[in-house]
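For the sequence shown, our numbering puts the final residue at 392, and the numbers step up evenly by one.
In short, the hints are calculated from the structure, not lab data. Bear in mind the structure is a predicted one, so any value in this text is a computation, not a measurement. C-beta atoms are modelled at their ideal positions from N, C-alpha and C, and glycine is treated no differently. Among the hints, a few may not be true.
[What the hints assert, rightly or not] Computed spacing ranges between beta-carbons, pair by pair: (1) N329 x G306: 48 to 56 Å; (2) R95 x P130: 20 to 28 Å; (3) D122 x L288: 16 to 24 Å.
[What the hints assert, rightly or not] Restricting the straight-line Cα-Cα distance to at most 25 Å, the calculated cross-link-like pairs of lysine-lysine (BS3-like) are: (4) K369 x K284; (5) K88 x K112; (6) K369 x K285; (7) K140 x K369; (8) K92 x K140; (9) K112 x K140; (10) K369 x K92.
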Amino acid sequence: MTSRSTAHLPLHSGSAPAWLFQRMVDMAGAITTLIVRDSGPEEMLRRLSDPFWFQAFGCVLGFDWHSSGVTTTVCGALKEAAKRYRSDMGIIVCGGKGATSRKTPQDICRACDQGGTDAAPLLYASRLAAKVDGAAVQDGYQLYHHCFFFTPGKQTWCVVQQGLNPELRYARRYHWLAEQMPSFVAEPHAAVACDQRQNVLNLVAGETEAHRQAVAAVAREHPERVLREIGPLLQGDHLPLFDGPRAERKRPLDNLQLPARHTIGTRDIKPAALKKVLLQTYERQAQDFEQLLGAPGIGPMALRSLSLIAEVIYQAPASNRDPAAYSFAHGGKDGHPYAVDQQLYDANLERLRETIRLAKIGYTQKAEALRSLASFTARLCDS
């Protein structure tokens, strides 16, 4: 079971100074070991999968409360702390930013070999989480950070990954948790926090199961048969369904509504390129959308083309709904721009305060951490 959350953050360059990062490692290790000792490693994974708690945690560690660097720095501090505290941390931390993110599979395999854990399900989870946020939810953010957390000897895990949009100068953070969702491809979000919404291609929206089935059906068809549909798609008023009666086009479909630079229209479908994709998918014969998504070589452009064709042929519309559900940066005290659960936020903050008070760190560090958390809370309430 899996759940996912998302947060939007301003895109900031630079990194934490070395002296600050070492203090962050100490604080991250002390807080994590205390949570694991008192509530178990699964509870730490739950907290990391909550974008609000994660942001408050980053503030406590001493980083900018609203910067995109919170994600990479907090995950980096946790990874270093895991090396230092070893078994006391209770969680394994894999992956990271940029080239380090591509080493996530090696990190997982190394840890599983040492602990006697089956790596295959964890490798699959890491890969599918990245594939969903990189290709199935096309929101204009390019993934550049992927961090995979799991508990030794178990199949409990969470993912914290981040994408950037250099045009908007924002980063979007995605959180996954393995215990709360039965599927990778049907409404995987637990919550999504951001300050803006836009048109996206959301192939994991709960209301578009028929569209996912249609995409998989197109992918299983013989390439020549699909290509024969391209002519009527471009210029005809009626389109034959595969193995069904002719269906009248109920509305014009010139473009799939996506972020501006991702828009694709029927004129953009190149038969030669599409045939190459269809040959790959036809040979694999994916039984469902999840199998198709997990196949090598199936990226954003291939999915956009398949989605457009599936929508027209099968009259099963794709979703343009941005999965964002509530505002992170503004707090939303009055329900605008999105409603938030203030009681839950207050409870999370109080739990973090108590954890800081009990953590094995010096008095000065505790005082600074509590002041940072108080400042974070004040800014949130004033938003």
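Hints versus structure:
no.	hint	result
1	N329 x G306: 48 to 56 Å	violated, 25 Å
2	R95 x P130: 20 to 28 Å	holds, 23 Å
3	D122 x L288: 16 to 24 Å	violated, 37 Å
4	K369 x K284	violated, 61 Å
5	K88 x K112	holds, 13 Å
6	K369 x K285	violated, 58 Å
7	K140 x K369	violated, 39 Å
8	K92 x K140	violated, 28 Å
9	K112 x K140	holds, 16 Å
10	K369 x K92	holds, 18 Å
Figure legend: structure checked against the earlier numbered hints; hints not met, in rising order: 1, 3, 4, 6, 7 and 8.
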